[in-house]
Structures are given as structure tokens and as C-alpha cells.
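Please model the complete structure; the sequences and the hints are all you need to start from.
Read top to bottom, the protein sequences are chains A and B.
The opening position of the first sequence corresponds to residue 1 in the working numbering, with each subsequent residue numbered one higher.
The opening position of the second sequence corresponds to residue 1 in the working numbering, with each subsequent residue numbered one higher.
Just so you know, the hints here were simulated from the structure itself, not pulled from any lab data.
Among the hints, a few may not be true.
[Stated by the list, open to error] Here are the in silico distance ranges between beta carbons for each label pair:
#  : chain 1 : residue 1 : chain 2 : residue 2 : range
1  : A       : R141      : B       : T72       : 37 to 47 Å
2  : B       : R64       : A       : R106      : 24 to 34 Å
3  : A       : P207      : B       : G83       : 31 to 41 Å
4  : A       : E166      : B       : G83       : 34 to 44 Å
5  : A       : E308      : B       : E107      : 50 to 60 Å
6  : B       : F163      : A       : P207      : 52 to 62 Å
7  : B       : G65       : A       : R174      : 50 to 60 Å
8  : B       : A257      : A       : E107      : 22 to 32 Å
9  : A       : E117      : B       : G184      : 50 to 60 Å
10 : B       : R120      : A       : G123      : 58 to 68 Å
11 : A       : E308      : B       : R106      : 49 to 59 Å
For glycine and all other residues, C-beta sits at the position ideal for the given N, C-alpha and C.
Number of protein chains: 2
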Amino acid sequence: MRVAAIAGGTGAAKLLRGLAATVPQRALTVIGNTGDDAEVWGLHVSPDLDTVAYALAGRLDTARGWGLAGETFRCLEAMAGLGAETWFNLGDRDLATHIWRTHALREGVPLSVVTAELARRQGVAARILPMSDEPVRTRLRTPNGWLSFQEYFVREKALVEVFEVEYAGAGAARPAPGVVEAIGDADLVVVCPSNPVTSVGPVLAVPGVVEALATTRAHVVAVSPIVGGAAVSGPAGALMRARGLPVSPAGVATAYAPWLRTLVIDRQDDGCRPELGRLGVTAVIADILMTDRERELALARVVLRCTE
Amino acid sequence: MRVAAIAGGTGAAKLLRGLAATVPQRALTVIGNTGDDAEVWGLHVSPDLDTVAYALAGRLDTARGWGLAGETFRCLEAMAGLGAETWFNLGDRDLATHIWRTHALREGVPLSVVTAELARRQGVAARILPMSDEPVRTRLRTPNGWLSFQEYFVREKALVEVFEVEYAGAGAARPAPGVVEAIGDADLVVVCPSNPVTSVGPVLAVPGVVEALATTRAHVVAVSPIVGGAAVSGPAGALMRARGLPVSPAGVATAYAPWLRTLVIDRQDDGCRPELGRLGVTAVIADILMTDRERELALARVVLRCTE
Chain A
1 MRVAAIAGGT GAAKLLRGLA ATVPQRALTV IGNTGDDAEV WGLHVSPDLD
51 TVAYALAGRL DTARGWGLAG ETFRCLEAMA GLGAETWFNL GDRDLATHIW
101 RTHALREGVP LSVVTAELAR RQGVAARILP MSDEPVRTRL RTPNGWLSFQ
151 EYFVREKALV EVFEVEYAGA GAARPAPGVV EAIGDADLVV VCPSNPVTSV
201 GPVLAVPGVV EALATTRAHV VAVSPIVGGA AVSGPAGALM RARGLPVSPA
251 GVATAYAPWL RTLVIDRQDD GCRPELGRLG VTAVIADILM TDRERELALA
301 RVVLRCTE
Chain B
1 MRVAAIAGGT GAAKLLRGLA ATVPQRALTV IGNTGDDAEV WGLHVSPDLD
51 TVAYALAGRL DTARGWGLAG ETFRCLEAMA GLGAETWFNL GDRDLATHIW
101 RTHALREGVP LSVVTAELAR RQGVAARILP MSDEPVRTRL RTPNGWLSFQ
151 EYFVREKALV EVFEVEYAGA GAARPAPGVV EAIGDADLVV VCPSNPVTSV
201 GPVLAVPGVV EALATTRAHV VAVSPIVGGA AVSGPAGALM RARGLPVSPA
251 GVATAYAPWL RTLVIDRQDD GCRPELGRLG VTAVIADILM TDRERELALA
301 RVVLRCTE
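Below is the structure:
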């Protein structure tokens, strides 16, 4: 069975780890969000691609949900000593990834090739694709003006109000080589439990991705990032509200309705079934909080069974 | 008293530390070698400028003679894990300097401005100038072909034969802003005990520097990097031989003769006096091995007394 997964960061990493333990990694293609990519000290950082690669390589700091396990921050401290901005936490070993990526990009290597090579060098057998080789950047209009996603999420700790979200550059972007094919050729497409607005939204904003999702012969399943009226983690609630979506499984289904067949929701959201039905989406009930490895695996099995 | 010093790395750092403890740092201008600058993983590394800045900031690893005290190498280890070349040892805190410099250079800031700013941010009151804002690169012809200085010195551990040395780019380079003025306005110009071929040589190869040294009203003093027929440290001996210079204080004096007034040599080289005299250079005898802080200070005082 070939699986294509659309993924953000932390939440996606857990489900992907479960999937990768259930199907052979080679059968798994991850289409990663690059809308929150950032340039930090002149280095190209791709937080979501790295979180996925680190998770599949068994290197992720699972307590924090980002970065490498056993990380140190000596370079960051020295940067602070030089008076540089240090609100974006780059660990010493994590820096190797960003330095390597930046160097390759400056030599003209496309992000998709860099990403595949970084995954391979970390021993990841799954295929990790950025949604696009062209820059697409999520920007949020707040009382302090337009912010990049990392300025909003890390620097401002997602505490400022968001009036509007845009995906700058999306109009001119093309899906990275392999993205449309992976969706078209898959038996199962999984939309990971990621923020629909700032993790999945940028992927969907790349022209051609929604068309691929609407026409694939694959079963398209999403796992809700919303449980009991609130996001499992991160600012998905506030951002869905900013986009006029209810903060509920129905809001998630609304965002994905034209092409989504199944939404896996938590037991406590059982009452949403009829509303999802009206949107043409079948609800599958499960324990969707992945609080440990066993639950990651269990949820992965639920998702894989959706094709049956 | 205004002092201008031409400096390489390790040996220069010791004398400069002594000078900076004897004259006010503000009176000291260091003209640093950039011939051994290197691009490592896409980062612009200026080993000699950094060694000088770290020494004057009290941050230098004095046991190794390069890099920062108390350094760690986690990023380097992660780079090795990614399969990158790791023969050039970049420490985690040292990396902050290179990332900061590279970012500024890519934004179009000249190296001289970047260098001054990095020194200021490390609390260094002395002025540190690169010899030139344009790239000049020392290259060495060996049985393995042309090598950069770092390939020769660090990767090959200076163990390969050198047939020829060139300073690529020197012809088109101009002295960085302030270099000619610092030499012209100084009361004392000190050529630090650095390798005449690969540390001082590149500085002298920048058009205008030798003219400034030949016409300055300052007393021009060098400290010999050669004691008893051998270099105090590093490959100066082999490189002087490759350039047809005897490995002796007389060889040093020959390289600097047209503009050098005084050469400070070690007690054990007292016999060189007459030969130096024939080259028009006055010998000053001292204990020139700077094995501790006291000796750095003592030698600095000897150098400063040369103007009397």
C-alpha cells in the first residue's frame, strides 16, 4: 500500500512515526509544509520538514516536539553575546542541518533535492518532499502589522490577535517534483493532524495540489487536530477562527470538504457525526490523542484501515 | 603612542595581548591577514582576524592558540553525521562568529566593517582591520596540486612539500579603509612574530602596503618568528625555504629589509647581528619565546622601547 501524507510539524510527526512503524517506510511519501520556513541569521530553516525527518530518523526531541534529542545551545548563547536576535531556538546539532541546507540551496540545488538528500543522510527511508521548491510564506496580519509565521508563533508566542492569513508566493509556486504524482499514485492520502490554516493550508495553496486531491483514486483521510472544541496543541483554534471556520471537527471538514472522504475524530466528538455527514465526510471515531508510542501506532492502524 | 601591528594568528595574538596590556587598546590598530580565509560549509571563516579578536577579548583558547576557550563541537559532530567534510574544526560558539560574518557579507557589508563590528561586540577596544576588503587567497603548489592555505595547514597538517606560494587576487586588491593611514600615522609599526610567507606575506602583497611601510615616519619593528634556525610554531621554516629564504632571523630580515628598521631576535641568535647589520636592520636581543603572560608583557615592552 502506497501512502502519501500531508504534514505540518509536531502533530504530524507523531502520526508519521506510527505510520512508518506500520507500513514500510519506502511506501510512505510525506508532503511537508514550507510556509513556515524562515531565514535565521542568513540560514534557511525548514522547521516542519526537519521535524518530520528528525521524527522518522528517531532523532526528534519528543518532549519538546521539535529539534534534536539531547541538544545543546552554545552557538545560540554566543549569538546572544554578539547581540544577534535569538528568539528562534537553533540547537548546535540542529544547526548542522540548516548550514548544510543553506549551503546547498546557495549552490543552486532545489529544496526538494536538498530535503531528499538530508533525509537519506539521516537514514530515513521514507520520501520527504517539500510542497514546493518555490518559496511560499505564511504571513499573518496582526495589530502589530504583518508577521511571518515564526515571528507570530515563536517570537510572539501566538499571543497576538490574527485578522488575516495569507500564503505569499503561493500563486507563482508549483508543486515540487513528485508531489502531484505521490497524491495521484497513492492508495491512501493522509492529512495529518496539523493546523489546517498554517500547516495544511499552505500546501493546499500551491496550485495543483487541491486538483490532485480531488482527482486521486486514493482514499483521502484526515485526522482532526481539534478535540472537544480546542486544538490539541498550538494556535489552530485562533487561526481557524480568523479564517471564519468553527473550531471543531466540522470546521476541519469544512476546510477540506471538497476532496475529503473520511475524518478521524476523537470519541468525545461523536456528536459531530451528523454535521460531518452533511458535508459529505464520513466520521471515524478513535482515540486520537497520541500521548505515547502505543497510541501513535494505534491511531496509524485506524487510519490505514480507512481504505478497507 | 599610536601602534599599528601587522598580524597573523597564534604568535601575533600573544604579542598583541602583551601590547594591549601595555598601551591603551584604543591606540592599537591591528592589520590582519585574510590570505588564509576560507569558506567552510558556505560560511566565511577568517581565522587570523578571529584569533586576534578572541585574544584581545580574552576569549581565546590559549592552550590551542585558536578558537574559543571552553569550546564544544556538537555541530561539527552532527555535520560529520551528515557526511560533510569536517577536517576544519569549527566550534559551536566560534560558529556564531562565522554565521554572523557570513550573513553580513551576503548583505553587502564590507569585511572591514564586519570585522570592526564583531570586535566591538566582543568588547575589543583595539581597531582590527582586515588587510583588504577584497579576497586575497594564499595558495600553495604541492605534489597534490594547488592547495588553499587551510587545505595545506589543517587538512594536510603542513606535511606536504611546497614548491610555490601565490597570493591569488592580490593584484586587484586594495588595502582596506584605514590600513595605509594606520601605518602612516603610527609612531610604531610592529610586524608580529608571524609566518613571513603565509601570514605577513599576503598583507605585503596588497598593493600600497609596502609603499606605506617604506614611507611611514613610524619606527618599523619586527619580532622574529624564527629562533635557533626553526620556526617557533607552524610551517614557517618549510615555507621560507620554498621561497628561497634562509630559515633564520636573516631570512626574516631579507623578506622585510627594504622597510624594516629593527628586528627583535632571541638571545640564542645573537650571532646573526652582523648579517642583519649588512641588511640595514638593527638587531635587538630579547627572550622572544612567549611561553606565559609575563613573557608576552616583557616582549611587548621590548618592542615598545624600540622607538626610544
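Hints and how they fare:
1. About 41 Å separates the C-beta atoms of R141/A and T72/B, a value consistent with the hinted range of 37 to 47 Å.
2. The hinted window of 24 to 34 Å between R64/B and R106/A holds, with their beta carbons roughly 30 Å apart.
3. For P207/A and G83/B, the Cβ-Cβ distance of about 35 Å falls inside the hinted range of 31 to 41 Å, so the restraint holds.
4. Checked against the hint of 34 to 44 Å, the C-beta distance between E166/A and G83/B comes to roughly 38 Å, which is consistent with it.
5. A C-beta distance of roughly 56 Å is found between E308/A and E107/B, which places it inside the suggested range of 50 to 60 Å.
6. Under the hint 52 to 62 Å, the C-beta atoms of F163/B and P207/A, about 58 Å apart, fit the expected range.
7. Checked against the hint of 50 to 60 Å, the pair G65/B and R174/A passes, with Cβ atoms roughly 52 Å apart.
8. Taking the beta carbon of each, A257/B and E107/A are about 45 Å apart, not inside 22 to 32 Å as hinted.
9. The hint said 50 to 60 Å for the Cβ distance between E117/A and G184/B, and at roughly 52 Å that hint holds.
10. At about 44 Å, the beta-carbon gap between R120/B and G123/A misses the expected band of 58 to 68 Å.
11. A hinted range of 49 to 59 Å holds for the C-beta pair E308/A and R106/B, which are about 53 Å apart.
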